[in-house]
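Q: Going line by line, the protein sequences match chains B and R. Its first residue numbered 1, the first sequence is counted upward by one per residue in the numbering used here. Its first residue numbered 1, the second sequence is counted upward by one per residue in the numbering used here.
Simulated from the structure, these hints should not be mistaken for lab results. Here the structure is a predicted model, which is why all the values come from computation and not from measurement. Idealized CB from N, CA, C, for every residue including glycine. A portion of the hints provided could be inaccurate.
Said to hold, decoys possible - As a list, the in silico DSSO-like pairs of lysine-lysine whose alpha-carbon atoms are at most 30 Å apart: (1) K205/B - K164/R; (2) K161/B - K205/B; (3) K205/B - K102/R; (4) K164/R - K78/R; (5) K205/R - K161/B; (6) K205/B - K264/R; (7) K264/B - K264/R; (8) K205/B - K78/R; (9) K2/R - K256/R; (10) K205/R - K164/B; (11) K102/B - K2/R; (12) K161/R - K102/B; (13) K2/R - K256/B.
Unchecked claim - Non-contacting residues of chain R with respect to chain B, defined by C-beta distances greater than 10 Å in every case (computed): (14) T140; (15) E195; (16) E224; (17) G226; (18) A230.
Number of protein chains: 2
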Amino acid sequence: MKIGIVGLGLIGGSLGLDLRSLGHQVLGVSRSQQTCRRAIERGAVDDASVDIALMARAEVVFVCTPIEAIAPTILQLKTHLSPSAIITDVGSVKMLVVTAVKDLWHNFVPGHPMAGSAESGIEAAQNNLFVGRPYAIATTQTTPEDASEVIEEIARSLSAKIIKCSPSLHDRAVALISHLPVMTSASLIETCMQESDEAAIALAKQLASSGFRDTSRVGGGNPELGVMMAQYNRQELLRALDAYRQQIDRSIDYIKREDWAALKELLQQTQLSRPQFLKKTDCDPSSSGQKSLK
Amino acid sequence: MKIGIVGLGLIGGSLGLDLRSLGHQVLGVSRSQQTCRRAIERGAVDDASVDIALMARAEVVFVCTPIEAIAPTILQLKTHLSPSAIITDVGSVKMLVVTAVKDLWHNFVPGHPMAGSAESGIEAAQNNLFVGRPYAIATTQTTPEDASEVIEEIARSLSAKIIKCSPSLHDRAVALISHLPVMTSASLIETCMQESDEAAIALAKQLASSGFRDTSRVGGGNPELGVMMAQYNRQELLRALDAYRQQIDRSIDYIKREDWAALKELLQQTQLSRPQFLKKTDCDPSSSGQKSLK
């Protein structure tokens with residue numbers, strides 16, 4: 001299949017690496033000439049250009065740009081693509097994308113592969129990024145079923161786990177497990193940086209271990225991505241942050257009142273609940289015995 | 001050297017495995033007969049007993065019990081140990097331990113290896129748990145220097161990174177990078193569990209990926225340990241939680257006011273700051289090229 005990728009960052013580049021390994025012909029478009037060159041050098045694309053006209057030959061196009069560029073990109077693609085071409089995106093928010101794209105392209109499949117790393121850009125692209133990862137397909141009533149099936153088949157070939165849902169439910173769910181963690185994690189780092197006791201923070205930097213590393217990871221990620229999540233999923237993120245703040249207040253209250261029984265019950269509850277959110281392929285590195293992918 | 005370990009959980013058991021590998025004779029004490037048996041079977045100790053009298057032969061004793069049992073354990077040890085024996089602990093809080101032990105044993109070295117995992121108990125014990133990890137030695141003016149040097153030498157032999165500090169500074173620093181993360185992380189899990197939209201939380205469980213896994217890890221850990229941190233480092237943890245709550249409010253404020261420039265600046269700051277808390281040996285698994293231990 002001839003597959004186009006617009007936006008050759010971590011996700012676009014990683015898609016390209018995998019899709020080429022699977023035997024597809026991959027064409028890439030980036031705003032940056034240097035990114036095009038590196039994408040070819042790294043084997044993420046067969047050909048690349050800063051000119052979106054390169055997409056004319058593509059049967060399927062993955063739009064892997066930042067969220068705010070998705071609709072403008074599709075508007076540009078319109079004049080080049082064959083009407084039968086399928087466009088999909090990888091944006092981490094779906095409601096606003098679906099609304100913006102609705103009247104632009106019929107064969108559009110809203111997608112969201114739940115994969116990432118602390119790094120971004122073409123240099124961070126890697127093979128097998130999507131293996132065992134959830135891949136949300138957030139179709140609406142107007143999404144053509146055959147187009148959706150093509151994207152699902154591609155996602156399945158990346159060994160991703162297809163999860164179908166509505167765009168609104170998608171946005172509420174990712175607010176909780178993806179966008180909220182960015183804010184709670186960033187707030188943790190910022191709390192340390194704002195510490196007025198300089199000796200304490202100097203020591204904290206030395207003592208910080210795996211607990212801090214893991215809890216702070218997503219808060220130390222791509223700032224543009226964090227802002228975009230907040231911008232494009234504002235209402236659901238505010239709802240989640242409000243609920244989160246109540247939980248922080250609840251912990252503070254227990255500790256202030258020295259209600260250790262209540263705190264213990266809370267922590268027992270969180271210990272019991274957490275595994276419901278973990279996949280077999282997504283377990284703690286410490287229990288890597290379960291890390292096989294099948 | 002004859003080394004005693006009281007408390008054969010994750011830390012005590014892992015210490016035993018390493019110390020035996022290094023050629024020491026390791027004697028273990030646990031309240032549970034079965035733990036003693038498993039510690040011997042797993043090679044974490046040469047001999048083990050539920051009777052603390054076994055410690056009589058030890059030159060150095062690691063007290064690896066829960067924090068509240070440290071002082072009572074040392075009180076019990078008093079009648080069995082030779083006066084030249086050195087006692088150290090591995091408690092994650094130091095001020096209250098130092099105060100409680102002050103008049104019990106002269107040769108006491110307050111310690112805190114910053115290592116852990118989501119698991120606990122003798123079955124979770126592992127070799128090389130302390131490699132490249134910070135090991136705080138939180139001595140006071142009355143800590144005998146030669147005793148401290150012995151413990152530092154042992155910690156160094158585990159390939160841990162010795163960090164000397166005062167008990168009060170230790171407690172303030174770990175409140176920020178160890179105890180606060182437990183609460184922020186547990187609150188994240190609890191926010192999801194309290195979600196009233198059942199379809200959203202069912203989807204969230206399916207979509208949760210590495211971001212949620214990492215951010216929720218320490219909040220899904222040992223509840224007893226979490227409560228003890230709060231109980232024994234209450235004042236510093238409340239101070240940290242209060243500062244954290246202000247950061248959460250700041251994020252909420254930015255998002256409510258749609259001040260995306262301010263949010264971006266905040267996230268740029270946290271992205272820049274986070275690496276200051278990471279060690280070369282403690283980097284993100286995603287950038288595992290740096291994972292060598294030397």
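Q: Taking the hints in turn, state whether each one holds.
A: Comparing the hints with the structure gives:
In summary, the hint linking K205/B to K164/R is supported, as the alpha carbons are separated by about 13 Å, within the 30 Å threshold. Taken as a hint, the K161/B and K205/B pair is broken in the structure, with Cα atoms around 38 Å apart against an allowance of 30 Å. Our distance criterion of 30 Å between C-alpha atoms is met by K205/B and K102/R, whose separation comes to about 28 Å. A C-alpha spacing of about 26 Å is found between K164/R and K78/R, which places the hinted pair at or below 30 Å, so the restraint holds.
Between K205/R and K161/B the alpha-carbon distance is near 13 Å, which keeps this suggested pair within the 30 Å criterion. Between K205/B and K264/R the CA atoms are separated by roughly 23 Å; this keeps the pair inside 30 Å, and the hint holds. Annotation: proposed proximity of K264/B to K264/R is violated, straight-line Cα distance about 36 Å (limit 30 Å). Restraint check for K205/B and K78/R: the C-alpha separation of about 36 Å exceeds 30 Å, so the hint is violated.
The straight-line distance between the Cα atoms of K2/R and K256/R is roughly 62 Å, outside the 30 Å bound, and the hint therefore fails. In summary, the hint linking K205/R to K164/B is supported, as the alpha carbons are separated by about 13 Å, within the 30 Å threshold. Distance hint between K102/B and K2/R is unfulfilled; the C-alpha atoms sit about 74 Å from each other, more than 30 Å. For the suggested pair K161/R and K102/B, the alpha carbons sit about 57 Å apart, so the restraint of at most 30 Å is broken.
This hinted pair does not check out: K2/R and K256/B have alpha carbons roughly 43 Å apart, beyond 30 Å. Its beta-carbon lying about 16 Å from the closest one in chain B, T140/R satisfies the requirement of being farther than 10 Å from that chain. Separation of E195/R from chain B is inadequate, the least Cβ-Cβ distance of about 6 Å not exceeding the 10 Å criterion. Residue-level check failed: E224/R sits 7 Å from the nearest beta carbon of chain B, not beyond 10 Å.
Not every C-beta of chain B lies more than 10 Å from that of G226/R, the closest at about 4 Å, which undercuts listing it as non-interface. Not every Cβ of chain B is farther than 10 Å from the Cβ of A230/R; the closest lies at roughly 5 Å, contradicting the non-interface assignment.
Checked against the numbered hints listed earlier, the structure breaks hints 2, 7, 8, 9, 11, 12, 13, 15, 16, 17 and 18; every other hint is satisfied.
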